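J.: The listed protein sequences derive, respectively, from chains A and B. Mapping to this note's numbering: the first sequence position 144 is 1151, numbers consecutive. Mapping to this note's numbering: the second sequence position 21 is 24, numbers consecutive.
Keep in mind the hints are simulated off the structure, nothing from the lab. Here the structure is a predicted model, which is why all the values come from computation and not from measurement. There may be inaccurate statements among the hints.
Straight-line alpha carbon distances no greater than 25 Å define the calculated DMTMM-like cross-link-like pairs of lysine to aspartate or glutamate that follow [said to hold, decoys possible]:
| id | chain 1 | residue 1 | chain 2 | residue 2 |
| --- | --- | --- | --- | --- |
| 1 | A | Lys1386 | A | Asp1362 |
| 2 | A | Lys1334 | A | Asp1249 |
| 3 | A | Lys1081 | B | Glu213 |
| 4 | A | Lys1009 | B | Glu213 |
| 5 | A | Lys1060 | B | Glu213 |
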Amino acid sequence: MKAACWNGKQDIRVETVPDPAILNPRDAIVRITRTAICGSDLHMYNGHIPGMKAGDIVGHEFAGEVVETGPEVKQLQTGDRVVVPFAIACGQCFFCRWQLWSLCDNSNPHATRLETVYGQSGGGLFGYSHLYGGYAGGQAQYARVPFADIGPLKIPEGMDEERALFLSDILPTGYMAAEQCDIQPGDTVAVWGCGPVGLFAQQSAGLLGAGQVIGIDRIPERLEKAREQAGSITLNYAETGDLVEELKILTGGRGPDRCIDAVGMEAHSHGFEFYYDNAKQMLKLESDRPVALRQAIQACRKGGTVSIPGVYGGGIDQAPLGAAFAKGLTLKMGQTHVHRYMRPLLERIEKSEIDPTFVITHRAALERAPEMYRTFAEKRDGCIKVVMDPWAQAA
Amino acid sequence: MAQKQAAWQDWMKDKNWETWTALGSGAALLAWGIVRRSAGSAALAGAGGILLYRGACSRRPLTGILAPVTPEPRRIRIAATILQPVETVYEFWRRLDSHPEVFQRVAAQRVNGETLSTRKLELVEERPNELLRWQTRPDAPVRARGAARFRPAPAGRGTEVQLDVVAQPRGGGLGELFRNALGHDPEPRLRTLLMRSKQLLEAGEVATTEGQPRGSRSKPMRVMTRVLPRKEKDRQLEAAV
Ligand SMILES: NC(=O)c1ccc[n+]([C@@H]2O[C@H](COP(=O)([O-])OP(=O)(O)OC[C@H]3O[C@@H](n4cnc5c(N)ncnc54)[C@H](O)[C@@H]3O)[C@@H](O)[C@H]2O)c1
Ligand SMILES: [Zn+2]
Ligand SMILES: [Zn+2]
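Work out the full structure: start from the sequences and follow the hints.
T.: Below is the structure:
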C-alpha cells in the first residue's frame, strides 16, 4: 500500500510499504478513504517530537471502511464505515473506565520508556513516535486498528465521511478544551490560536454558554474564520501592542474568565521573547516555546481556568507559576479523551448544530502529502486544514 | 609506637602464600627490569610493579585477576495495580509459564547467551492471594530470587502487585561490564514483564506493533532528544542573555 512516512525533519515521503495485518485478536483493518494532517503532525514534522524513526508511518485522523476483523471483535463487521479516534484505548483498565481514554494503561507497548521520562505513561497514539507506542499511522491506504470494538465509531448511513472525519481528533479536542473550562453564563473565553483546534474550541465555547469569545492569531484568513464561524471577536497579536493589556480592556480590567492555549509548543511571537525561546529550542536547552501559555496565565482573571489543548512535550522555563498561584488559577490539560466525545458530537453533527467541514481548505491525493505538509506548515495558500484521499491519483 | 606495631602486625597477618609469591616475584621482576635497561625490560619492570602493588593491597593478588570479586547483587522493586480481583491476579502469577505471550517476548532477549524462561525458576513459597516466592534453579544463567506480594487496592481498584527481586550478576569482571553496557540490565525486562501481565489480565491481549508495516529506514534511529532541558545549561544561558 501507499503510506506517508516520516524520514526526518521536514522530510515526509510517500512510500510503498506492505499492507498491515491483524496482529492481535481485538484488531481490525480499515481501508482508509479520508485522512487529514493535524497541527500535532507539524510538531513531528518540525522535529520536536522525540522517539521517531525514519520510515514511521504518520497520521492519526482517519476514516474508512472495515475490511477485516480479529476473532475477538464483536461490534464491527467488514463493510462498516468508521471514524477512528487518534488515542488507542483498551476499554477495560481503570483509566478507560473513568473515561480518561487517552491515559489508557494497556495500549502503549513501550509504556516503560515513557514512564522513565514522565513518571507514568499515557496510552498509545497512532503515528506519534515510539514513546507513544510506535503505531503505524493513518496517512496510508490501510491501517491496523487495535481494540476495534472500543474506538472506531460507525458513521451513520448516508453521512459523508468528511463530516465525521474530525471526530477522530480536532473536534473533540476543541470541545474538551472548552468543556474543561467549566464555562459559566456570561464568561469571556479567550482562545490563543485560530487553527482547527482553536476554531473548534471557540465554537464549542459558544455552544457551552460563553458570553463573549475572543480569538487570537496573526493569520488574517484564520481570524476571519473565527469571526464568521464562531462569532468571535478577534485580535491579531502581531498588530496588538500589549496583548494582555488589550484583553484586560476588553473585559473591564478583570481578564478573560477562561483562557485556552490552542497553540502549543511551537508558538510564534515577535521580538525578543521569540528569539530567546527559539534559540533555546534549537540548542535543545528548552524543548517547548511557551509564548501563548505564558500570556494565557498572565491574562486570566483571578480564580479562572487555563485550558491547554496545545501539545507540550518537555520543559519550559519562565513559566509564570507564581502568577498562576497568586491568582488561584485552575490548569487543565492533556491529550483528548476522544472516545468520550465522539457519540455526543456526532449527534450534534447529525442535528446540524455543528458542521466541522468548514475548516477544510485543501483536498488532495495522499501522493501529494509532502507538498501538503509544507503548505500547511508554512500556512501558505490560505491553508487551514488538509484532507487527503489515499486512493485518488495525484493530478 | 605501639600503634605502628599493631598496623604492621595486621598487615603481616593478611599475608598468605599468594601474597608472598606476588610480592617476591614482583620485586624480582622489577629489579631485573631496572638492571637490564632495555625496551622490553621496561614492560617487565611494569608488570613487577603491578604484582608488588597487588601483593601489598589484595588478599588474592594472583587468582583475583582470573576471577575478580563478585559484583554486588542488584535489588529491583517495582509495582503495578491490576484491575482484577486478587484471586485472579495471584493465580495468573502462580502459573506465569502458562502465559507464553507475557514471558516469551521478554525471554526473546537473551540473558548471558541463554534465553530466560520460567523453567529456570522454581516456586519456593506460596501464600494464597498474598505472596509468591521464587528462586532460580542451579542451572539457570543468572542467579536471582524474587517475591511477588499481592494486596487489594483501595476502593475496588483491583490488586496491587509488588515485585521484589534480587539478582546476583555472575562474577565476570569485564564480561559483566560489557553485558551491562549492552543493556542486559534485568530491570527493564522485569518492568516489561509486569506491564505485559497487566495488559493480558485487563485487556486480554499484549499490546504490540511487531509485524506492522513501515517505510524504508532511510536514516538510523534519531537520537532520543532530551525531553527535559538540562538545568545547569539553562541557567548559564539565562545569565548570558
Ligand atoms: N490535546 C490534544 O489531544 C490535541 C489534539 C490535536 C491537536 N492538538 C494541538 O493543538 C495545537 C493546535 O493544533 P492545530 O491543528 O489547530 O494547529 P495549527 O498549527 O493549524 O494552529 C496553530 C495556530 O496557532 C497560531 N499561533 C502561533 N503562535 C501564536 C501565538 N503566540 N498566539 C496566538 N496564536 C498563535 C498559528 O498562527 C496557527 O494558526 C497543536 O499544538 C496541536 O498539537 C492537541
Ligand atoms: Zn491531531
Ligand atoms: Zn484502557
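J.: Does each hint hold? Answer for all of them.
T.: Against the structure, the hints come out as follows:
no., hint, in the structure
1, A:Lys1386 with A:Asp1362, "23 Å, holds"
2, A:Lys1334 with A:Asp1249, "20 Å, holds"
3, A:Lys1081 with B:Glu213, "24 Å, holds"
4, A:Lys1009 with B:Glu213, "19 Å, holds"
5, A:Lys1060 with B:Glu213, "15 Å, holds"
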